[in-house]
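Sequences are here, hints too, so could you generate the full structure?
Chain by chain, the residues run as shown.
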Amino acid sequence: MADEPTTPRKTALLVLGCPQVPVQTSIALYLINRLKKAGITPVVAGNKAANTLLVVADPDRHYLGEVMDLDRAVALMAEKKRDFSSCFVFIHNDAGVTYAATMGAISKAKLYAVVYGEHYEEQVKKIEFPCTTIAAKAIHNPLPLKKALDEVKPWDA
Amino acid sequence: MGCVESMNYEIVLRDATFRESRDYIKSHYKEFIDVQPGFKVFDVHVIGLPPIAIGLEGDFVIFPYTKPCHGTFLLRVEDKEEAARLRAQK
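Top to bottom, those sequences are chains A and B.
First residue of the first sequence: 1, per the working numbering; consecutive thereafter.
First residue of the second sequence: 1, per the working numbering; consecutive thereafter.
Since the hints were made in silico from the structure, they are not lab data.
Note that the structure is predicted; figures quoted are calculated from it, not measured.
Be a bit skeptical, because a hint or two may be false.
The calculated label-pair distances, taken between Cβ atoms and stated as ranges, are [as the list claims (entries may be wrong)]:
{"id": "1", "chain 1": "A", "residue 1": "Lys108", "chain 2": "B", "residue 2": "Arg85", "range": "25 to 33 Å"}
{"id": "2", "chain 1": "B", "residue 1": "Lys30", "chain 2": "A", "residue 2": "Arg82", "range": "15 to 23 Å"}
{"id": "3", "chain 1": "B", "residue 1": "Met7", "chain 2": "A", "residue 2": "His140", "range": "35 to 43 Å"}
{"id": "4", "chain 1": "A", "residue 1": "Phe129", "chain 2": "B", "residue 2": "Lys67", "range": "18 to 26 Å"}
{"id": "5", "chain 1": "A", "residue 1": "Met68", "chain 2": "B", "residue 2": "Pro50", "range": "19 to 27 Å"}
{"id": "6", "chain 1": "A", "residue 1": "Val56", "chain 2": "B", "residue 2": "Ala88", "range": "45 to 53 Å"}
From the three backbone atoms N, C-alpha and C, an ideal C-beta is built for every residue, glycine too.
Here it is in structure tokens:
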């Protein structure tokens with residue numbers, strides 16, 4: 001009997017910003033956990049500091065799967081060598097908005113802008129491209145951003 | 001920065017917003033091209049809100065380079081072949 005055709009597993013890319021705002025690492029691990037429970041394979045792309053914060057916090061890789069350099073992820077996607085079902089871009093500064101716009105242009109993934117930090121409203125105003133915005137004033141306490149994520153439930157999409 | 005680190009570049013703007021860097025190119029360079037995010041300049045896939053302006057001034061190429069922690073830099077690099085390749089995109 002021929003094998004049943006299988007639906008390709010969904011994948012999600014988490015694009016990390018500068019890790020200077022503490023909630024990023026916490027929310028990234030939370031989101032990874034929710035995605036995995038929903039059967040979605042998470043991949044993390046960030047700069048060295050952002051990636052290392054996650055890798056050190058999860059040495060046995062209970063949560064983390066593939067972790068890659070952000071520039072490499074952009075190159076692979078721009079060259080159409082790799083894409084994802086969904087893409088979450090962590091934003092707390094202008095660079096974050098810039099990366100989100102880029103992901104929207106080079107990827108077919110459903111795009112989520114996860115906006116936080118002291119000046120989150122200022123960053124939200126700059127988002128003029130199609131995406132789902134998940135935003136909260138969260139700096140040290142991740143709960144407002146967790147609540148915003150839970151309301152959208154992107155892992156159920 | 002990958003290969004950018006090995007380039008002999010001049011920083012025209014540092015720690016700018018992406019919009020500031022685009023406005024700077026359009027107001028300071030008579031010649032520029034608009035490209036989409038992911039377009040390759042030298043060995044760098046440029047990041048930005050489309051359209052991304054790349055300035056040209058003789059043999060110099062002026063392009064934005066964004067770093068997650070430091071915002072957008074405008075870099076000016078002399079390279080005759082790359083300037084000619086970009087002019088051919090017009």
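Going through the hints against the structure:
1. Between Lys108 (chain A) and Arg85 (chain B) the beta carbons are some 28 Å apart, a value that agrees with the proposed interval 25 to 33 Å.
2. About 38 Å separates the C-beta atoms of Lys30 (chain B) and Arg82 (chain A), a value inconsistent with the hinted range of 15 to 23 Å.
3. Between Met7 (chain B) and His140 (chain A) the beta carbon distance is about 39 Å. The supplied range of 35 to 43 Å therefore holds.
4. The hint said 18 to 26 Å for the Cβ distance between Phe129 (chain A) and Lys67 (chain B), and at roughly 21 Å that hint holds.
5. A C-beta distance of roughly 24 Å is found between Met68 (chain A) and Pro50 (chain B), which places it inside the suggested range of 19 to 27 Å.
6. Between Val56 (chain A) and Ala88 (chain B) the CB atoms are about 47 Å apart, so this pair conforms to the stated range of 45 to 53 Å.
Comparing the model with each numbered hint stated earlier shows that hint 2 is the single one that does not hold.
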